[in-house]
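Asker: Sequence:
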Amino acid sequence: MLEKDTICAVSTPPGEGGIGIIRISGPEAVVIAQKIFRARIEKTVAGAASHSIRYGHVVDLETSDVVDEVLLTVMRAPATYTKEDIVEINCHGGTLPLSRTLKLLLRAGARQAEPGEFTKRAFLNGRIDLAQAEAVMDIIHARTELSHRAANEQLLGGLSGEVTDLRDRLLSLLAAVEAGIDFPEEDIETGTGKPLSQEIEEVGSGIERLLESFTFGRIVREGFGTAIVGRPNVGKSSLLNALLRQDRAIVTDVPGTTRDVIEEFLNIDGVPIRIIDTAGIRETHDMVEQEGVRRSIAAIEKADIVLVVLDRSAPLHEGDRKVLEQVRAKRSILVLNKADLPRSIDLPDSDERCIDVSCRTGEGLDELRKAISETVREGAGTAGEHAWAVNQRHRTALEQAQSGIEKALGAARAQMSPEFIALDLRASLDSLGLIIGATYTEDILERIFNDFCIGK
88 MLEKDTICAV
98 STPPGEGGIG
108 IIRISGPEAV
118 VIAQKIFRAR
128 IEKTVAGAAS
138 HSIRYGHVVD
148 LETSDVVDEV
158 LLTVMRAPAT
168 YTKEDIVEIN
178 CHGGTLPLSR
188 TLKLLLRAGA
198 RQAEPGEFTK
208 RAFLNGRIDL
218 AQAEAVMDII
228 HARTELSHRA
238 ANEQLLGGLS
248 GEVTDLRDRL
258 LSLLAAVEAG
268 IDFPEEDIET
278 GTGKPLSQEI
288 EEVGSGIERL
298 LESFTFGRIV
308 REGFGTAIVG
318 RPNVGKSSLL
328 NALLRQDRAI
338 VTDVPGTTRD
348 VIEEFLNIDG
358 VPIRIIDTAG
368 IRETHDMVEQ
378 EGVRRSIAAI
388 EKADIVLVVL
398 DRSAPLHEGD
408 RKVLEQVRAK
418 RSILVLNKAD
428 LPRSIDLPDS
438 DERCIDVSCR
448 TGEGLDELRK
458 AISETVREGA
468 GTAGEHAWAV
478 NQRHRTALEQ
488 AQSGIEKALG
498 AARAQMSPEF
508 IALDLRASLD
518 SLGLIIGATY
528 TEDILERIFN
538 DFCIGK
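Just so you know, the numbering used here puts 201 at position 114 of the sequence shown, and the rest follows in order with no gaps.
Any given hint might turn out to be false.
What the hints assert, rightly or not - Derived pair list, reagent style BS3-like, types lysine-lysine, alpha-carbon separation capped at 27 Å:
1. Lys-409 x Lys-389
2. Lys-494 x Lys-543
3. Lys-409 x Lys-190
4. Lys-190 x Lys-122
5. Lys-409 x Lys-170
As the list claims (entries may be wrong) - Derived CB-CB ranges, DEER-like:
6. Gly-181 x Glu-405: 55 to 63 Å
7. Lys-409 x Ser-460: 43 to 51 Å
8. Pro-435 x Asn-537: 34 to 42 Å
Please keep in mind that the hints were generated in silico from the structure rather than gathered at the bench.
Here the structure is a predicted model, which means the values were calculated and not measured.
Beta carbons are placed, not taken as given, at the ideal position from N, Cα and C, and that holds for glycine.
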């Protein structure tokens with residue numbers, strides 16, 4: 088365990104609530120808590136058994152004021168979140184009880200925790216690895232059951248286990264190759280009876296499987312980017328409101344009402360859909376609307392799929408043709424709005440799926456949701472029962488590991504010196520280590536934990 092100073096922070100969201108929790112972690116956690124706590128029964132914090140609770144008051148010793156009536160939980164190392172002594176003080180929810188108690192702890196010798204510092208200590212003290220640490224934040228931000236399940240699986244070690252298995256195989260291969268350096272007159276023995284090139288190839292297949300899982304893993308974590316586009320006044324904002332089942336966007340008969348990109352999350356079959364309502368695409372002299380159109384085009388480029396909204400009750404407009412041309416290279420679903428009115432639109436031949444909807448009556452919306460869900464599955468696939476690589480950091484590390492494997496495989500097939508094979512295997516091993524934190528830099532830790540909230 089790493090020896091550090093003692094930190095504290097409010098671990099519950101700001102604002103009013105039934106309970107607010109302050110967490111203290113470090114070698115002096117119990118001593119510092121004892122300085123501001125008075126038990127109702129003659130019991131000390133120092134004498135508390137691990138994972139036991141004391142009832143009493145937080146007291147300002149300088150004024151003898153009772154700050155709050157609290158429950159205080161003592162958890163002793165190493166069986167804690169950080170593997171350090173931890174004390175949690177359950178105050179009444181609200182700004183003042185928490186802020187006053189926190190000030191007393193700081194005065195008693197604790198330090199204000201930095202963002203993610205509790206989880207960072209859990210990693211540095213060996214309780215969790217880096218992929219598991221990232222999963223903590225993913226659990227907090229999970230928006231659907233699927234994204235929560237994926238994050239929970241990662242926290243439980245699903246991805247880490249697969250990466251560790253690959254690293255163990257690489258370590259065995261590396262040991263065999265390095266033995267070949269010492270005894271060049273002998274063939275390299277892998278210990279499995281398989282040729283070295285086959286063993287390297289199998290490790291590469293495992294890395295490739297994780298790489299293939301990235302697309303679906305990213306969608307589960309970040310949401311499937313779905314942009315609603317079309318010319319002004321065809322019902323884009325009405326479609327957003329209908330899909331969300333709430334009035335999120337302003338709807339009027341005035342073209343150009345939506346001037347900025349509106350982004351919301353929608354749960355369809357457990358998959359988080361990041362749905363984006365864009366400004367109507369048209370030529371305009373209004374500078375504000377021009378910026379909205381520019382942002383709409385940028386949203387189209389970033390989207391995984393585009394919902395092209397057309398007015399079913401009117402002939403195809405020149406503006407519609409420009410929008411269709413704009414999204415020609417994207418996966419699209421044509422949404423023919425105003426199905427409750429007589430049809431007048433005449434569409435050109437297209438391979439894109441076409442669905443009639445009425446934002447007013449709700450007709451066709453379930454079919455549209457189903458089409459979006461099917462498009463997610465078709466475009467991203469799934470990782471089956473395997474763990475998912477869920478962020479760009481994982482993907483980059485896996486690509487670097489795969490590059491090392493390909494070089495090592497080429498060297499083995501060319502019967503090059505074992506030194507070259509070992510060098511590439513070592514590079515692949517180190518790249519995989521970046522995922523779980525077997526190898527890391529302070530810069531990597533800073534980027535990961537700075538995204539955490541204070542108190543986690």
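Asker: Confirm or reject each hint.
Answerer: Evaluation of the provided hints:
1. Lys-409 x Lys-389: Holds - the C-alpha atoms of Lys-389 and Lys-409 are around 19 Å apart, at most 27 Å.
2. Lys-494 x Lys-543: violated (41 Å)
3. Lys-409 x Lys-190: violated (60 Å)
4. Lys-190 x Lys-122: holds (13 Å)
5. Lys-409 x Lys-170: violated (60 Å)
6. Gly-181 x Glu-405: 55 to 63 Å: holds (59 Å)
7. Lys-409 x Ser-460: 43 to 51 Å: violated (29 Å)
8. Pro-435 x Asn-537: 34 to 42 Å: violated (50 Å)
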